[in-house]
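Chemist: Listed below are the residues making up each chain.
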Amino acid sequence: MSTTSASGTDFSDSAPAGSAGDGQALPAGIGPWALAWRRLRRNKTSMAFGGLFLLIVVLCLLAPVYSHDVAHIGPAAENITGTIKVGGKTENIVSLTDIPIGPTWHSHYFLGADELGRDVAVRLLYGGRNSLEIGAVATLITMIFGTLLGLAAGYFRGLADGAIRGVLDVIWAYPAVLLGVTLGTVLAVGSIGPLHGTNLMVPAVVIGFVYIPYVAKPIRGQTLGLREREFVDAARQQGLSHLRIMGWEILPNLASTIIVFIPLILANAILLEAGLTYLGAGVQPPNASWGTMITDGIDQIPAAFHLVLAPGIMLVLAVLSINIFGDGLVDALNPRAKVRISLTGSETDDH
Amino acid sequence: MARFVVRRLLVMFALLIATTIVTFGLFTLIPSANPAVLIAGRLATPQEIEQINVEYGFNKPIYVQYVKTMKNILTGKAYSYQSGFNVDSEIKAGLPATLSLALGAGFIWLVSSIAVGTLAAVRAGRLTDRLLAVLALTGVSMPVFFLGAVLLYYLGYKLNWFPLGGYTKLTSNPLQWLKHLILPWFALSVLFIGFYSRVLRSSILDSVNEDYVRTAHAKGLSERQVLVRHILRNSLIPIISLFGLDLAQVIGGGAIITESVFNLHGVGELARDSIQRLDIITLMAIVMLTAAAVVILGAVVDVITAYLDPRIRLMT
Numbered sequence: 001m002s003t004t005s006a007s008g009t010d011f012s013d014s015a016p017a018g019s020a021g022d023g024q025a026l027p028a029g030i031g032p033w034a035l036a037w038r039r040l041r042r043n044k045t046s047m048a049f050g051g052l053f054l055l056i057v058v059l060c061l062l063a064p065v066y067s068h069d070v071a072h073i074g075p076a077a078e079n080i081t082g083t084i085k086v087g088g089k090t091e092n093i094v095s096l097t098d099i100p101i102g103p104t105w106h107s108h109y110f111l112g113a114d115e116l117g118r119d120v121a122v123r124l125l126y127g128g129r130n131s132l133e134i135g136a137v138a139t140l141i142t143m144i145f146g147t148l149l150g151l152a153a154g155y156f157r158g159l160a161d162g163a164i165r166g167v168l169d170v171i172w173a174y175p176a177v178l179l180g181v182t183l184g185t186v187l188a189v190g191s192i193g194p195l196h197g198t199n200l201m202v203p204a205v206v207i208g209f210v211y212i213p214y215v216a217k218p219i220r221g222q223t224l225g226l227r228e229r230e231f232v233d234a235a236r237q238q239g240l241s242h243l244r245i246m247g248w249e250i251l252p253n254l255a256s257t258i259i260v261f262i263p264l265i266l267a268n269a270i271l272l273e274a275g276l277t278y279l280g281a282g283v284q285p286p287n288a289s290w291g292t293m294i295t296d297g298i299d300q301i302p303a304a305f306h307l308v309l310a311p312g313i314m315l316v317l318a319v320l321s322i323n324i325f326g327d328g329l330v331d332a333l334n335p336r337a338k339v340r341i342s343l344t345g346s347e348t349d350d351h
Numbered sequence: 001m002a003r004f005v006v007r008r009l010l011v012m013f014a015l016l017i018a019t020t021i022v023t024f025g026l027f028t029l030i031p032s033a034n035p036a037v038l039i040a041g042r043l044a045t046p047q048e049i050e051q052i053n054v055e056y057g058f059n060k061p062i063y064v065q066y067v068k069t070m071k072n073i074l075t076g077k078a079y080s081y082q083s084g085f086n087v088d089s090e091i092k093a094g095l096p097a098t099l100s101l102a103l104g105a106g107f108i109w110l111v112s113s114i115a116v117g118t119l120a121a122v123r124a125g126r127l128t129d130r131l132l133a134v135l136a137l138t139g140v141s142m143p144v145f146f147l148g149a150v151l152l153y154y155l156g157y158k159l160n161w162f163p164l165g166g167y168t169k170l171t172s173n174p175l176q177w178l179k180h181l182i183l184p185w186f187a188l189s190v191l192f193i194g195f196y197s198r199v200l201r202s203s204i205l206d207s208v209n210e211d212y213v214r215t216a217h218a219k220g221l222s223e224r225q226v227l228v229r230h231i232l233r234n235s236l237i238p239i240i241s242l243f244g245l246d247l248a249q250v251i252g253g254g255a256i257i258t259e260s261v262f263n264l265h266g267v268g269e270l271a272r273d274s275i276q277r278l279d280i281i282t283l284m285a286i287v288m289l290t291a292a293a294v295v296i297l298g299a300v301v302d303v304i305t306a307y308l309d310p311r312i313r314l315m316t
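Line by line, the protein sequences give chains C and S.
Just so you know, the working numbering puts the end of the first sequence at 351, numbered straight through with nothing missing.
Just so you know, the working numbering puts the end of the second sequence at 316, numbered straight through with nothing missing.
Everything labelled a hint here was simulated from the structure, so no lab data went into it.
Don't take each hint at face value.
What the hints assert, rightly or not - Listed next, the in silico SDA-like pairs over lysine to any residue satisfying Cα-Cα at most 20 Å (straight line):
{"no.": "1", "chain 1": "C", "residue 1": "K217", "chain 2": "S", "residue 2": "L245"}
{"no.": "2", "chain 1": "S", "residue 1": "K158", "chain 2": "C", "residue 2": "I99"}
{"no.": "3", "chain 1": "C", "residue 1": "K217", "chain 2": "S", "residue 2": "A18"}
{"no.": "4", "chain 1": "C", "residue 1": "K44", "chain 2": "S", "residue 2": "L135"}
{"no.": "5", "chain 1": "S", "residue 1": "K71", "chain 2": "S", "residue 2": "F58"}
{"no.": "6", "chain 1": "C", "residue 1": "K217", "chain 2": "S", "residue 2": "F195"}
{"no.": "7", "chain 1": "S", "residue 1": "K68", "chain 2": "S", "residue 2": "S80"}
{"no.": "8", "chain 1": "S", "residue 1": "K158", "chain 2": "S", "residue 2": "N263"}
{"no.": "9", "chain 1": "C", "residue 1": "K217", "chain 2": "C", "residue 2": "E228"}
{"no.": "10", "chain 1": "C", "residue 1": "K44", "chain 2": "S", "residue 2": "L132"}
{"no.": "11", "chain 1": "C", "residue 1": "K217", "chain 2": "S", "residue 2": "L38"}
{"no.": "12", "chain 1": "C", "residue 1": "K44", "chain 2": "S", "residue 2": "L131"}
{"no.": "13", "chain 1": "C", "residue 1": "K44", "chain 2": "S", "residue 2": "A18"}
{"no.": "14", "chain 1": "S", "residue 1": "K158", "chain 2": "C", "residue 2": "A303"}
{"no.": "15", "chain 1": "C", "residue 1": "K217", "chain 2": "S", "residue 2": "M12"}
{"no.": "16", "chain 1": "S", "residue 1": "K92", "chain 2": "S", "residue 2": "L103"}
{"no.": "17", "chain 1": "C", "residue 1": "K44", "chain 2": "S", "residue 2": "T128"}
{"no.": "18", "chain 1": "S", "residue 1": "K68", "chain 2": "S", "residue 2": "V54"}
{"no.": "19", "chain 1": "C", "residue 1": "K44", "chain 2": "S", "residue 2": "R130"}
{"no.": "20", "chain 1": "S", "residue 1": "K158", "chain 2": "C", "residue 2": "P302"}
{"no.": "21", "chain 1": "S", "residue 1": "K158", "chain 2": "C", "residue 2": "D299"}
{"no.": "22", "chain 1": "S", "residue 1": "K60", "chain 2": "S", "residue 2": "L38"}
{"no.": "23", "chain 1": "C", "residue 1": "K217", "chain 2": "C", "residue 2": "P302"}
{"no.": "24", "chain 1": "C", "residue 1": "K217", "chain 2": "S", "residue 2": "V11"}
{"no.": "25", "chain 1": "C", "residue 1": "K217", "chain 2": "S", "residue 2": "I239"}
{"no.": "26", "chain 1": "S", "residue 1": "K77", "chain 2": "S", "residue 2": "F58"}
{"no.": "27", "chain 1": "C", "residue 1": "K217", "chain 2": "C", "residue 2": "D169"}
{"no.": "28", "chain 1": "C", "residue 1": "K44", "chain 2": "S", "residue 2": "D129"}
{"no.": "29", "chain 1": "C", "residue 1": "K85", "chain 2": "C", "residue 2": "W105"}
{"no.": "30", "chain 1": "C", "residue 1": "K44", "chain 2": "S", "residue 2": "N263"}
{"no.": "31", "chain 1": "S", "residue 1": "K60", "chain 2": "S", "residue 2": "S80"}
{"no.": "32", "chain 1": "S", "residue 1": "K179", "chain 2": "S", "residue 2": "R130"}
{"no.": "33", "chain 1": "S", "residue 1": "K158", "chain 2": "C", "residue 2": "I298"}
{"no.": "34", "chain 1": "C", "residue 1": "K217", "chain 2": "S", "residue 2": "L242"}
{"no.": "35", "chain 1": "C", "residue 1": "K44", "chain 2": "S", "residue 2": "A133"}
{"no.": "36", "chain 1": "C", "residue 1": "K217", "chain 2": "C", "residue 2": "F145"}
{"no.": "37", "chain 1": "C", "residue 1": "K89", "chain 2": "C", "residue 2": "H106"}
{"no.": "38", "chain 1": "C", "residue 1": "K217", "chain 2": "S", "residue 2": "P238"}
{"no.": "39", "chain 1": "S", "residue 1": "K158", "chain 2": "C", "residue 2": "F305"}
Bound conformation, chain C alone:
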């Protein structure tokens, strides 16, 4: 009657299936998490893109170092009248007709300048810090509240379930962008407690809130099933408190679902931040994110398309790497999918 036996039960029927999918004998007694980790490690694409995402995170965290030691210019430093040597020629950073210089591929203005003569590469890394930070905080909010609400609704059922589900359904019925923009705008001009105006945490809280039902609903469904299981019955017989049963018996069994949701929510949170910022309801100046940079860059089309392309590609790369890693995570934690694939494969081979 321990948590390990409880989580073991849930995986026990899937573990042999997984080993069959891997097509080789596994040492006896290997745990479900070790198995999942083994499957994930074998998925080269997923690991590569997971690595790419880590690289992006590290680069963004090193923004001050890059700014100080490589580019020698701060993220807000303007330089409208300056010049730079490119391939032996001296060029204006911002031309006389207000067109900023494109990528130089050198340490100075590596990705070019914007209309105020600021270094795009430096701003890209600083902006990435904000995008990633908002995404991370939003994901944390969604995961914590989504899990708690889903767990409580599924475990207590009845009145608590009805109340929680009602609230979740109202949030759900709203288009995500519409709800995000409404909340973001209202908070940008007004305030709730410490959340106001240009605070970076405003979009983070809004986005975290918008996605809560997407996590809470599946967690609730799974909890409804788990609470009827023998090990929960046994815990109840022992007279354990509700809190203890939820936290120590049911929650560990939800772990794989929760883990699968983290990259999914993170990817969507980063995207939604960019969208809200585009609509003026996300990151507010003087702060900047990738979303801010793309939005500002759109105003400079067609003269300086690199202002859209640089942050856009960075944003897509970050989100795509999270998504591909997340996809591998699903496969690793849910080995049934793999068995099915080999089944259909043999079927299609037949004709």
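The hints should help you fit chain S onto chain C, whose structure is shown.
Modeler: Then chain S, alone, in the frame of chain C:
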């Protein structure tokens, strides 16, 4: 069957009434969005605000104001506090563009995602499947306004194949209508194709082991017949449910970003503008339009799903 649909409709309706209440409450409770202050302007004296409160009925209990606003919108007598325009005629002006966007894009993303998802499932685990997976994931990783900007720059500005945004009425010039809509259709569809095709793929792979599929094989049906008549028919159910809600939201002005990037002047752009100027009356009308679309398409989806899966009828 009828009882099932009616009950679903009632639940949906209650939900959507709740969303209008939340919207209204949000704007009334937050001081900065208080309509009286917004109308009076920044330098208004307390007396002036008091006068506006009486004039517009803002001093009445909030539920009285809510009911009055709802009634005005439904009878076409609601006027924006900020712009003074009749909100119903503003929405009517935006609907052709939004409907053109929604129906065209909806058709494209539904057909493409069924094709892509089925192909990926049939070729599961092979190179085609892996390529389609990467494409689908790229689709869901692409912010619409970035994709829109790239499309407009290369295909519109550089190659001059398409106009740089805007909307032309179908009735005034069908060819221009099409030319203005192709890029928005594509930009909006990409995300949905990526998402739906993944859902359909796993839904197909899940149903391969179902009893009715084994029965169909045992009856001696060909692979193609089993796939189309039995596997696909059932696997489409989650897709149809998603499609109903997503299409309803686009019709209700949910494609705010797409409409803004391509300057379609539809309901979505109206939603953006009304939120930016904290225009509660217009926003309420748009939320009600979304609600109506969600309820109506929800009913259609229920009927289609019941047709696709006979077991659903038994569960009422």
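Chemist: Which hints from the list above does the structure break, by number from lowest to highest?
Modeler: 11, 13, 23, 30 and 32
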